[in-house]
Structure formats: structure tokens, C-alpha cells
Amino acid sequence: MTDALPMRPATRDAAYNFAYLDEATKRALRRTILKAVAIPGHQIPFGAREMPLPYGWGTGGIQVTAAILGPRDVLKVIDQGADDTTNAVSIRRFFNRVAGVATTTDTRAATIIQTRHRIPETPLREGQVLVYQVPMPEPLFRLEPRLAETRRIHALADYGLMQVKLYEDIAAQGEVGSSYNHPVMVGGRYLMSPSPIPGFDNPKMHRMPALQLFGAGREKKIYAVPPWTEVRSLDFEDHPFRPVRAPHACSLCGSTGSYLDEIVTDDRGGRMFVCSDTDYCERRR
Amino acid sequence: MNDIALRVEGLAKGFTLHLQGGASFPVLRDEALEVRAGECVALAGPSGAGKSTLMRCLYGNYGSDDGRIRLRHRGALLDLAAADPRLVREVRRETLGYVSQFLRVIPRVSAREVVAEPLAERGTPRAEALARAEALLTRLNLPRRLHDLPPATFSGGEQQRLNLARGFAPGYPLLLLDEPTASLDAANREVVVALIAEAKQAGAAIIGIFHDIEVRDRVADRLHEVRPLPDAA
Amino acid sequence: MILRAGNLSLAFGAVRALDGVSLDLWPGEVLAVVGESGSGKSTLLRVLAGQMRPDAGRVLYADATGAEREIGALTEAELRRLWRSEWGFVQQNPRDGLRMGVSAGGNVGERLMAAGCRHYGTIREEAAEWMRRVELDPARMDDSPRTFSGGMQQRLQIARTLVTRPRLVFMDEPTGGLDVSVQAKLLDLIRGLVADLGLAVVLVTHDIAAARLLAHRIVVMRHGRVVEQGLTDRVLDDPRHEYTQLLVASVLAA
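Chains as they are written, first to last, in the working numbering: chain A, 1359 to 1643; chain B, 51 to 283; chain C, 136 to 389.
One chain only, chain A, in its complex shape:
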């Protein structure tokens, strides 16, 4: 993360402050982020600003990105693994206009990657930052409706209830059920929602060399997993967590190790499986 320098690239829209937010707001956000990094997995409230995008379009992630973005950063934005969907394209364009930063689709070239619902297949390295867009930061949300009580549960690490949910999944479906947004324990202390990434991506969070930041705009929470932090998916000893993917090879690149999307090709039951990570797939072809 490089600091915001007073250098203004030519393409930046000068009507806006660098990266849209004013400097005081960005400083407040950075303080929140530092606090989040200091307490891995713990949700820190912040005063989320109105952004020129509706909630659900990644306002939390955008604010985090805006706070850490510097003029020399290279930004990649993905939505469900793809660089070319509406959401990804709009956010990339937004930062290109308000910060004038270089953008890329190449995971290796990016310094900041903002993501919705995926972790890139290409392993991240030290110095990179992965910014997640989070719709619901509270992993106990469906189990305990009282917010004060969830805070108390986190404070006391009293997580038996979450385990009960997993127990119920196995009792009902024979396996740990959540195929996405499967809860994790961070650094052996805090229960955390990984955002709605597929369970397939959960192991990538464990001891990841890159910094992981999570922003929830509507719920006004930021949390973080510092580099090299232990991240364990909740499970039972006799029902260990298993990342799953469709048992196929990618129809485009032939990959048998990446997460696949199923695409219906016609109305006669034709379908194909392709990598959800478009950058990874194109590079392999």
C-alpha cells in the first residue's frame, strides 16, 4: 500500500478529491483498518459514507479500497471471479476516474484486488491486498437475532451456538452444509464470516501472504485478516471441512483444480463448466 501522494495523474477527474473520499474520511477509515488488522477477525464499526453506488454493489469494499489506494497502486476488480462483469467494470472505471490509478485484470500485476464472492486462483503474494465486499459481516446473524448478544458471544468467544448450526447441517444433510460463506475461526480467537465466497476458497485464506480486508457498507463494519494468519473453517473431527468443486475440467482451459461455474448453453439441457476466475482461465489457454 503506497501513501496518497499529491501527484495528480492526467486522467484523474480533478472535480473529486483523490479516490473520491475526502482526506479526513480516509484517515478515519485507515484508523479503523489498522484497528481491524490489530484484532484479526474482529468486526470494527465505522461511519460508512454515502457512495455513488447503491448498497449491495460493494460500497463497503469501495470505501476500504479508497482509503488504502495510492497513485502508484495497480487495481484489479473482480465479481464472482470475473473481471468483465458490470459490477467489476463500474468499480474499476470509478477508481480510474476518481484516482487515476492504473488498473489490470492480471492477478499477479495487481497491488490491490477488490473482490465480490471469490479469491483468485493465482496465489497471492506478500504486499498485495485483497479487499472483500461483504453483505453481512455477522456470522451469527441467522442464529442469534439480538445484536448485543452476538457482541457478547464474540467478546467471550462463546461459539458453541455456531457449532450447533454445523451439527444441524450434518444431521439434516449428512455433511457440513454451507457451500459458501462457511464460517472460519481467525487466529484461534474470533469467529468470522469469510463473505459469500465458495467453501472451495476457504483454505486459500489460511496463512495467506497477502493482507485481507473486509468492508460491509450497509452494516458499517470493517474487519481484517493480516498476512500469514491462521484461518480455520469450522468443522467436526469426524466430519472435516472439505472444499468442493464441480467434478469436471474447465471446458476452455482444461483446469481440474480451479473453481468452476456451470453455464447453460442451450434449452435442450446443454451445459458446460468453465473457470469462474477469468484471468486464470485466459492465462492457461
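One thing to keep in mind: the hints can contain errors.
Heads up, simulated EDC-like pairs for lysine to aspartate or glutamate below, C-alpha to C-alpha not over 16 angstroms straight-line [said to hold, decoys possible]:
# : chain 1 : residue 1 : chain 2 : residue 2
1 : A       : Lys1523   : C       : Asp277
2 : A       : Lys1523   : C       : Asp278
3 : A       : Lys1578   : A       : Glu1408
No lab work stands behind these hints, which were simulated from the structure alone.
Add chains B and C to chain A, keeping to what the hints say.
Same frame as chain A, but now just chains B and C:
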């Protein structure tokens, strides 16, 4: 003296009925009684004199207003009238047995278990306790088919025999018997007479109320007269 | 001594819910707190269990290591640890003590999981065993407690409470909302479990028959005060205080 099992001194007991305008009436006053190990003392006196009240005081079921109830427990004499509830429970578990005329029925617990319970509470292994219960119930001629049934539906005589088995099974050093043969036939009366004799032989001190004079004279070493108080209401 | 309360007082405005209440409880002992509604018995239970703070007085608990802890001085984390390990609660309404959205087995297993058990098979086995112990069919382990009768729900709550073998259990009118025939069965079940496990129990009830069946000792409360206490059969067969005589007489009349 070392063979004193029970010594009652200056015992007084009365009742105040708050719901009847606070009417107060004394039942026992300055009651004194001494019973030695291996001795059986029968309480005598007219009906209403307070024999049952005395028995209940001796068991700690009624609180005493004054005086001492000293009994030998774990080798020393302690005052039951002044003992806290925990100590009373300990005394009842280890030292003091009581066969009342009525059985307080515990739902769903079998006759055999009812008899074995006080044994088990004293630490007798369960199998041994049940075997001892079985043997006593058989000796008291309780039909075998009833042993596994809860006694709620038993007849008066059957319930009394259950009570007797429960009272005699643990071999308490001090045993209180409140009309133990009231509902029994001749054959079972004989069994009770034999049980009392055996308990005395084993060193137990026994205090009883016996309406059956013949039984009383056969088991009791002496009588203790309980006299009605002149000013009793 | 497992629990000792000294001189507890608590007022709600002008109402003295607790007025100088002292009591103690020993391991393996069942203590019934009886009295009519408004006597302060439920408040006493909450204060003993650390769910409410008294205005004056204190509650001491001797934990499993033998150390004496003052309940009012515990941090919330310590108190909660007690609640889910060494202590148990049985609520009058099973819906307050169960998670109605979680299966019967999940309900029984929750305390095991809270205690750190992470073996699904072991949790299932324990849950089945405890359902059997409270006379529920383990085949219904994956059913919702909503499909259970009131008596079954109450037995499930008891299984859920006892599965981690607490040392001290607080019971608030455990047979309160049940039919008389169901009450008798439940009381008997509680009686057996308490004896088998050697539990210390504080039982709040207005049911004299329940107190007689379960309790070794009785505390009679009225207007926030203990008016009489002692051995269960002594208090019930030879009641001294006017109010106790009234309580006992009402039962006989009923």
C-alpha cells in the same frame, strides 16, 4: 454408660395452630426416657397421650420445643433436638430407622427399590441391597409378583410389610416402630416378632408403640408410660 | 458447602423482593424454596444464579476445584463459563430453556459443543443416551422440539441441562405448566437423576407435593423473607409459622 443408645431429657412439645386463632396446646412436657443397646422399650399410655408425637420427635419429624434427645451416632452421643437438617439426615441414614404406619409412596419406584434405597444410601452395593430387599420381602410373605411393582396400589397390609422391610433392611442401631403389626395377619406378626428379636440380638435399641398387647409383651423388655398432660386442650 | 448466600436484600421501588435472606446448600443436597407468587422466591433464584444483583449481601459458590468464588465479583466471562459448565438451569417454560429452531439432538448437544466437544459421532451418542435417560425416543433426535408435547419438551430441557454433568442446578417451577399426570412422571424422573448424579439443586416451586418428593430441605418465603426453614418432613409435618401452616393446609384442602 457406653451402651446407652438413646437418652431423652426434659423433652417438651406442643402445637400452636395459627389457623385456629392461635390455639396452643402442649402434648409432652419434661419427658425423659433412656434406652440401651439391645433393649426394646414399648411406649404405653392412653390414646391421645402423645406416644406418636414422642416417636415423631425422636425421629426429628416434629421439632422439639425444649429438652434434649441424645442418641449414639458414630460412637458419640449427639443431641438430635439441636442438630441441623444435614446432621439429622446423616443420623437417619446411618443410625436411626423409623417404621411408620403409613407408606409415602414414590411414583414408579418398585417395592424392591423402595426397600433397597436406604441400604444403597449407606453405600451398600446395589446388587447386594436389592438381594437383601428381596430376601426380606420374601420373608414377610409379600408375593413375588409384587416386588417389581410400585406400591401405590398395594393393600394396607402389603404396604406395611414393605415399610417393615425398609425399616429392618439396613440394620439401624436405633429403630422406631409405630404400630408395626397393626394390619398384619398372625403369620406375619410372627415374622415381625422374630425380626425384632434378631435386631435386639444384633444390639439394636428399639422403641415401639404396640397396640397388640400380646406382641408387645413378647418383644418389649419394659414399658415407658406416656401420660396425658392434665392441661392438654 | 457448595453455595452460601448471606443477608441478601433487593428492593424494586417500595417492594422488598428480598429482605435479609441467608441460606446455604451442600453438595448433593436438594433445597426447595416455596412460597406464593410475589414471595420473592424467583428473585432469590435469579440472585443466587448471578442473573440479578442484590442491593446488599453476597453469594459464595465453591467451584469444582474447591475455591470459593463470590458470584457478584465474577466477570461476565467467568459467570457464563459457570452457567454452561458447572451450573444448569431448568426453566418453567421449556421454550425458554430450549432452542426451538434446533433439533432435539442439537439441543442436547449444545452444551457439549460449548464445552469444546468437536466430534459429531460422540455428540450424537451422548444426545441419544441422554434422550433415553429422560425417556425420550432417540429415534426422534433429529425432530424439532416443536413437535414434542409439553412434558417431552421439559424432559428434553432436563437432558440438555444435565448432559455436561453440572454440579449445581437451578430449577424454576419445573413442573409448572404441565398436566398433573405428566407432573408426577417428571418429578419422579428428576428425583432419580438428581440422586444418581448427586446434584445440588435449588428448586423454586409453589407445589408442596413436588417439594416433599424432591427436596431434602425447605425454605419458606413470604414478602421477601425466610419465615421458616428446615428438614422437608419437619417443615411440612410440623409447620411452625402461620404462613407455613396455611401453605400446608391449603394443599391438604385441595
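Going through the hints against the structure:
no.: 1; hint: Lys1523(A) / Asp277(C); verdict: 13 angstroms, holds
no.: 2; hint: Lys1523(A) / Asp278(C); verdict: 15 angstroms, holds
no.: 3; hint: Lys1578(A) / Glu1408(A); verdict: 11 angstroms, holds
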